[in-house]
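Using the sequences and the hints given, assemble the complete structure.
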Amino acid sequence: MKHLWQQTRSFPPAARLLMANQFAINLAFYMLMPYLAFHLSDGLGLAAWAVGLVLGVRNFSQQGMFLIGGTLADRLGHKIPIMAGCLLRTVGFGLLGWVDNLPALIVASAATGFAGALFNPAVRAYLAAEAGERRVDAFATFNVYYQAGMLLGPLVGLALLAADFRVVCTVSAALFAALTVLQWRALPARPRQGTDSGHESVLAQWRSVVANRPFLLFSAAMIGSYVLTFQVYLALPLAVTDALGSRGTAVTSGLFVVSAAVAVVGQLRLTGWVKARWQPGEALVRGLAAMGLAFVPLALSPRGSSTAVLVSLVVAVVLLAAGSAIVYPFEMDTVVALSGNRLVATHYGFYNTVSGLGITLGNLGTGALWDFAGRQHATWLTWAALTATGTACAAAVAALARTGRLTAPEPQPAAA
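Anchor point for the sequence shown: position 32 equals 32 in full-length UniProt numbering, and the numbering is continuous, going up by one each time.
None of these hints come from the bench; they were simulated from the model. Fair warning: there could be bad hints in the mix.
Unchecked claim - Label pairs and their in silico Cβ distance ranges:
#1 Tyr233 x Gly64: 14 to 20 Å
#2 Ala174 x Gly245: 48 to 54 Å
#3 Gly43 x Thr403: 32 to 38 Å
#4 Trp5 x Leu182: 17 to 23 Å
#5 Asp100 x Ala276: 53 to 59 Å
The beta-carbon is built from N, C-alpha and C at its ideal position, and this holds for glycine as well.
So, in structure tokens, the structure goes:
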């Protein structure tokens with residue numbers, strides 16, 4: 001904790017505020033979202049298709065709108081989208097607790113999703129600008145706060161749920177309202193840098209991003225890493241259910257806690273250790289390889305032995321979280337570098353949109369493979385495919401590094 005505090009204080013005040021802001025965003029988000037499906041189905045009595053629709057709208061309105069959010073941040077400055085996102089989450093989370101008809105729930109869900117699309121690219125672009133040459137350290141520290149919010153949010157939400165789901169929503173909305181005021185009063189309105197977006201049309205901005213071939217190749221190469229990370233929510237819980245049945249709920253929750261705890265405790269140490277020994281490209285490749293290898297113990301675990309499966313699950317979560325912690329700060333730094341410090345938020349928005357599409361397609365493929373493997377009594381196929389995904393990602397990034405496509409282009413001066 002002392003190391004985290006010292007590292008945080010070494011950054012400018014605006015960067016420190018963004019880190020605290022992200023902790024509070026995740027705290028408020030994860031105190032509510034894990035329990036929303038239960039509230040919709042059990043509390044409001046919605047049909048399963050309606051629950052899926054509400055949750056799907058939230059995901060689409062965030063993942064599908066990241067490019068819009070990034071573009072707005074580059075055109076308007078970073079502060080306005082951050083404030084607007086927090087304000088929109090205030091309204092959306094408040095509505096989720098107090099409305100009970102499907103159209104209103106869909107509107108609330110769309111608002112919460114678009115809010116994330118507004119502030120996520122803006123926060124990362126702002127942090128990159130404030131950190132300067134210390135971007136890797138800044139993103140590593142940022143990820144500690146990000147994961148800490150994910151770790152504590154469900155626990156706070158569970159405690160508040162003992163009173164009522166509306167209390168959870170009200171407290172979450174109040175936190176976002178407080179964040180809106182905090183950004184308005186304390187976050188400097190940083191001027192746009194490295195962009196002539198004021199003289200470009202939106203389509204021209206998007207064309208310049210799509211024309212950035214090294215950035216596109218890197219975005220495509222990294223899709224698999226997001227598919228692997230998401231398996232904490234899909235394949236790993238399926239494995240728990242397969243091994244323990246209905247008794248596996250507590251174990252699934254425990255896996256989430258372990259994943260977040262590894263990042264909170266190990267992020268700064270891992271980043272410091274890696275920076276001292278590896279080049280950024282090497283860190284990305286080896287981190288991705290570790291994420292793929294995380295599923296090997298599950299592939300080798302004997303079917304029918306619940307103890308062996310549980311041990312393999314814990315090993316998989318630890319390796320997956322450690323690999324992600326290695327990759328994340330260098331990945332975020334590479335996006336900035338490949339943007340040439342121009343339209344940084346738009347590049348982040350495009351990158352997140354591509355990743356979101358990859359997660360959707362990857363989940364469909366993983367789910368279909370899980371069903372097929374289960375019918376064939378060969379669950380190892382799923383784990384082998386995920387390991388191959390990590391290996392392919394590592395190989396793709398290694399090829400980009402070897403051919404010089406991860407090297408930052410010359411910065412382009414801003415237009416007068």
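We went through each hint and held it up to the structure:
About 19 Å separates the C-beta atoms of tyrosine 233 and glycine 64, a value consistent with the hinted range of 14 to 20 Å. Checked against the hint of 48 to 54 Å, the C-beta distance between alanine 174 and glycine 245 comes to roughly 38 Å, which is inconsistent with it. A C-beta distance of roughly 54 Å is found between glycine 43 and threonine 403, which places it outside the suggested range of 32 to 38 Å. The hinted window of 17 to 23 Å between tryptophan 5 and leucine 182 holds, with their beta carbons roughly 20 Å apart.
The beta-carbon spacing between aspartate 100 and alanine 276, approximately 55 Å, falls within the hinted interval of 53 to 59 Å.
Taken one by one, the earlier hints fail for this structure at numbers 2, 3, listed in ascending order.
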